[in-house]
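Peer 1: Now for the letters of each chain:
Number of protein chains: 2
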Amino acid sequence: MADKTEIEEGLAFAPQFGADGLVTAVVTDAKSGDVLMVAHMNKDALAQTIASGEAWYYSRSRKKLWKKGEISGHVQRVVELRVDCDQDALWLKVEQAGEGACHTGRRSCFYRAVPLGQTGAVKLEFHDADKTFDPKAVYGNP
Amino acid sequence: MADKTEIEEGLAFAPQFGADGLVTAVVTDAKSGDVLMVAHMNKDALAQTIASGEAWYYSRSRKKLWKKGEISGHVQRVVELRVDCDQDALWLKVEQAGEGACHTGRRSCFYRAVPLGQTGAVKLEFHDADKTFDPKAVYGNP
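Chains as they are written, first to last, in my numbering: chain A, 1 to 142; chain B, 1 to 142.
Any given hint could be a false lead.
One copy or two, it doesn't matter: identical chains are merged, so the pair holds either way.
[Claimed, not checked] With a straight-line Cα cutoff of 25 Å, these simulated PhoX-like cross-link-like pairs (lysine-lysine) come out:
no., residue 1, residue 2
1, 31, 4
2, 43, 31
3, 43, 64
4, 43, 123
5, 43, 4
6, 67, 31
7, 4, 67
8, 4, 131
Hint data in this document are derived by calculation from the structure and do not stem from the laboratory.
Go ahead and model the full structure; you've got the sequences and the hints to work with.
Peer 2: Rendered as structure tokens:
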């Protein structure tokens, strides 16, 4: 690993990929500021994103590089890409094309809240959970 | 793992901790919407956060549970806690006490941007990188 001070205070981009070859990517809507999704990038996904200005990720479940929106058309134009202090996380502010980012048919993947101030089993609450598109129509049947 | 439909559409909170026992936590400023930091929670950190309404994390470098602000006083009151579709990521909207969230002395950990539309070596650019507090005064010397 490079020097800690250089990683934190320097201007050399030195993304710290984990043992799995990935960095975490947080994606927010450039207009609303809402978190749309959390995804992962490998070296290729990051290079494609920087070169094209559109978001590419690495799918851990499908074990492949994917361009966001390649099937749905819901591409993400990157307005700004930032890296955090220790360079192991990225923040993408995006313009989200189409009706949403989540494969369940919602604008954001974060459509359930965890109530606070309690212990024991937790029951979630839907927040902003209305579907904005029909995932079957967009992705086809699995 | 529980049933995929239940995880995505149900109201049972079933956080999907990774092989390392952690879930990713994205922290945004409840007022500005800016991403302040990305951290990790183990089961205990999550339970403490839910019970207290203040943010607790698990430090991968120090290998211990920590309450954000326990040294600096820069605690985070959780305004809302959300979970994503596959329940392996959390989003905390917080009121950040004190002058910032980042151990480098800035409000946010994301104070450098990656310029887009290029290939090859990347030189970062400082964005919102002014220090809002003196980390040595707050954390002491390492």
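Peer 1: So which hints don't hold here, by number, going up?
Peer 2: Structure breaks hints 1 and 2.
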